Amino acid sequence: DVKVTQSSRYLVKRTGEKVFLECVQDMDHENMFWYRQDPGLGLRLIYFSYDVKMKEKGDIPEGYSVSREKKERFSLILESASTNQTSMYLCASSGTVPTNEKLFFGSGTQLSVL
Amino acid sequence: SQKIEQNSEALNIQEGKTATLTCNYTNYSPAYLQWYRQDPGRGPVFLLLIRENEKEKRKERLKVTFDTTLKQSLFHITASQPADSATYLCALAGGSTLGRLYFGRGTQLTVWP
Numbered sequence: 001d002v003k004v005t006q007s008s009r010y011l012v013k014r015t016g017e018k019v020f021l022e023c024v025q026d027m028d029h030e031n032m033f034w035y036r037q038d039p040g041l042g043l044r045l046i047y048f049s050y051d052v053k054m055k056e057k058g059d060i061p062e063g064y065s066v067s068r069e070k071k072e073r074f075s076l077i078l079e080s081a082s083t084n085q086t087s088m089y090l091c092a093s094s095g096t097v098p099t100n101e102k103l104f105f106g107s108g109t110q111l112s113v114l
Numbered sequence: 115s116q117k118i119e120q121n122s123e124a125l126n127i128q129e130g131k132t133a134t135l136t137c138n139y140t141n142y143s144p145a146y147l148q149w150y151r152q153d154p155g156r157g158p159v160f161l162l163l164i165r166e167n168e169k170e171k172r173k174e175r176l177k178v179t180f181d182t183t184l185k186q187s188l189f190h191i192t193a194s195q196p197a198d199s200a201t202y203l204c205a206l207a208g209g210s211t212l213g214r215l216y217f218g219r220g221t222q223l224t225v226w227p
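Heads up: the protein sequence lines correspond to chains A and B, in order. For the first sequence, the positions run 1 to 114 when the numbering used here is used. For the second sequence, the positions run 115 to 227 when the numbering used here is used.
Be aware that one or more of the hints could be misleading.
Partner residues aside, some chain B positions facing chain A, computed with beta carbon under 7 Å [stated by the list, open to error]:
#1 R156
#2 F160
#3 R219
Since the hints were made in silico from the structure, they are not lab data. Only a predicted model underlies this, so the values are computations on that prediction, with no experimental measurement involved. For each residue, glycine too, the CB sits at the ideal point set by N, CA and C.
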């Protein structure tokens, strides 16, 4: 089975800190995604990547950046954490479209910014 | 911009009945549509995919329909069980960026004994 591993299950940070969320997938997937999930708002796409060193903005990229130096790893960076970035962060990966479109999600990181 | 509505935030049904969840969309022509299940504190898990040229897809007790004229997908769970209790998400893909999915807010299903 595909495994998508997020480095932390729970994370507590202070306002203004730089925060790194790491995600690793073990199925050689081309595509990787970062979503945040908030009650009543559903899943919103922050950034995604179709290949190493490539990235594209999603719907809510402000305050975030990403890095994909290796195919299996996709990192989300909060440059200066703010309280409105308290959320559940979900990483996902998928294979080549159009034959392998389903997303595999990690278990999520619940980030609290105080 | 595209809009996806799952028009029930919560659905409560009795064990053994069929649960029917609805996903409507506007301003969009998806190449395919997917349904996911999410348990509390966990990431979503893929259930079914249906393409724009397909009317119906089945997998065990699950059935999905896709009506591109009505811009609607129905997700059915037959002979529902308490273990089916979860949040179900629909997601649409297509347009200029294949592989990117747009998610609805989900419907929380509770199956009571």
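Hints, one by one, checked against the model:
no.: 1; hint: R156; in the structure: 6 Å, holds
no.: 2; hint: F160; in the structure: 4 Å, holds
no.: 3; hint: R219; in the structure: 4 Å, holds
Of the hints listed earlier, there is not a single one the structure fails to meet.
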